[in-house]
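The sequence shown begins at 13 in the working numbering and counts up by one.
Each hint should be verified, as a subset may be incorrect.
Taking CB as the label site, the calculated pair distances span [claimed, not checked]: (1) G340 x Y417: 35 to 43 angstroms; (2) T392 x L91: 36 to 44 angstroms; (3) E90 x L325: 48 to 56 angstroms; (4) G180 x D120: 20 to 28 angstroms; (5) V267 x G384: 28 to 36 angstroms.
FYI, nobody ran anything at the bench for these hints, they're computed from the structure. Virtual Cβ for every residue (Gly too), placed ideally from N, Cα, C.
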Amino acid sequence: MSAPIIDAAVDDLDAGGHHEGSSFAPIDLVNEALTALLARPSRAALTALGTVLGVAALIATLGLSRTAGAQIVSSFDELAATEVRVEPGSNRAFGQRQVSTIPWDAEDRLLRLNGVTAVGTESDVDVGGALARSVPVVDPLGRNESQIPVVAASPGLFDATRATLRTGRTFDHGHSERGDPVVVLGPAAAARLRIDRVDNIPAIFIGDQSFAVIGILDDVARRPRLLSAIILPDGTARQQFALGAPAAVQIEVDVGAASLIGEQSVIALSPNDPSLLRAQVPPEPRSVRANVEDDVNALFVVLGGVSLLVGALGIANVTLVSVLERTGEIGLRRALGARRRHIAAQFLTESAAVGFLGGLLGATVGILVIVGVSAQRDWTPVLDAELALAAPLVGAAVGLLAGAYPAVRAASTEPIEALRSG
13 MSAPIIDAAV
23 DDLDAGGHHE
33 GSSFAPIDLV
43 NEALTALLAR
53 PSRAALTALG
63 TVLGVAALIA
73 TLGLSRTAGA
83 QIVSSFDELA
93 ATEVRVEPGS
103 NRAFGQRQVS
113 TIPWDAEDRL
123 LRLNGVTAVG
133 TESDVDVGGA
143 LARSVPVVDP
153 LGRNESQIPV
163 VAASPGLFDA
173 TRATLRTGRT
183 FDHGHSERGD
193 PVVVLGPAAA
203 ARLRIDRVDN
213 IPAIFIGDQS
223 FAVIGILDDV
233 ARRPRLLSAI
243 ILPDGTARQQ
253 FALGAPAAVQ
263 IEVDVGAASL
273 IGEQSVIALS
283 PNDPSLLRAQ
293 VPPEPRSVRA
303 NVEDDVNALF
313 VVLGGVSLLV
323 GALGIANVTL
333 VSVLERTGEI
343 GLRRALGARR
353 RHIAAQFLTE
363 SAAVGFLGGL
373 LGATVGILVI
383 VGVSAQRDWT
393 PVLDAELALA
403 APLVGAAVGL
413 LAGAYPAVRA
423 ASTEPIEALR
433 SG
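Using the sequences and the hints given, assemble the complete structure.
Here it is as structure tokens:
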């Protein structure tokens, strides 16, 4: 800029003259902003980097949380999702469990419900402190006796818990109805009693009562306590140990039927007063997915917000430096008729352009992260098109806010002082 032009403009302003405010078309505003940014491309790129990181973090976070949440339905634990358990309710006045009102024909009642695939009852048997042993002779020192939990079960409990046999067989309804003295051992109980085969029908003793071992379990998918227990038919427990009623009902249902079966089971078992029983059902996959999304969003959205804040501070700092470097230019524009709003609009446009560019690149990076992570984890990526389209606008908004103070400072610059200092 030549000195005579500056001196003439200063003399004109000192004499009290002024120019009429000229019109500033939007296209001219955009051209001026782009020209200023392209004059220093490295600075513009580094300024936009903070916004790129912030927007990319937000896009990737929200996209990955939705993608992970969508996998919950398909990868939700099928074993837990198909389990319903019914137990006596609690005494509302004293917080104690009520006496069991579960009927002995619970299996027959619940198997009539559509969606139930297996049912079994389960109860702890009070054997009065009797010890278990596998030999008829009692050792005075108690070396051949063990205190092993005894569980009464209906035949359907093995299917309801998805039990597998190591050897032998499980008891059936005939054993239960007759009260036959037969038992099935969990693998830990069998090891303590030193029984590893049943082809010779070994016997065990609970106190003075003998029972024939007809099977040994290998594993159970549910109720792992059965692995270390002596399991006998519920009819046998009624006759020999005065068991009053089943303590709980284990139900296996079809996928998606747990909530409905939970409501219907208490009515089927206690039609006169369903409140005497309570059903434990697994949480809905939708709620689990929502919790996953909330947890992931709460953790990473903060990081994305911090990145955006850093980006905004970078834009504000660089824009302010640009205002200081271009003081002479600002003064000349004011002297030639540019109004305050024109100066402010130019710097706001520059900062918004940087933010828009950062938002556009950030959305691209975020989408690439979502697709890359999903491919690595064999997930189906879930992309929010509205969020991706809004990202550049978010970046522009951040740029506008960041450039507000530098723009106001530029607009408030007095043209005489700006020309003299420039």
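### Task
Hint says 36 to 44 angstroms; check whether the CB-CB distance for T392 and L91 agrees.
Hint violated: Cβ distance 23 angstroms, outside 36 to 44 angstroms.
### Message
Taking 20 to 28 angstroms as the stated bounds, is the beta-carbon spacing between G180 and D120 within them?
### Response
holds, 26 angstroms
### Whether the CB-CB distance between E90 and L325 falls inside 48 to 56 angstroms
holds, 49 angstroms
### Task
Look at the Cβ atoms of G340 and Y417 and judge whether their distance stays inside 35 to 43 angstroms.
violated, 21 angstroms
### Query
At the C-beta level, are V267 and G384 separated by a distance inside 28 to 36 angstroms?
Holds: the Cβ-Cβ distance is about 32 angstroms, inside 28 to 36 angstroms.
Of the numbered hints listed earlier, those contradicted by the structure are 1, 2.
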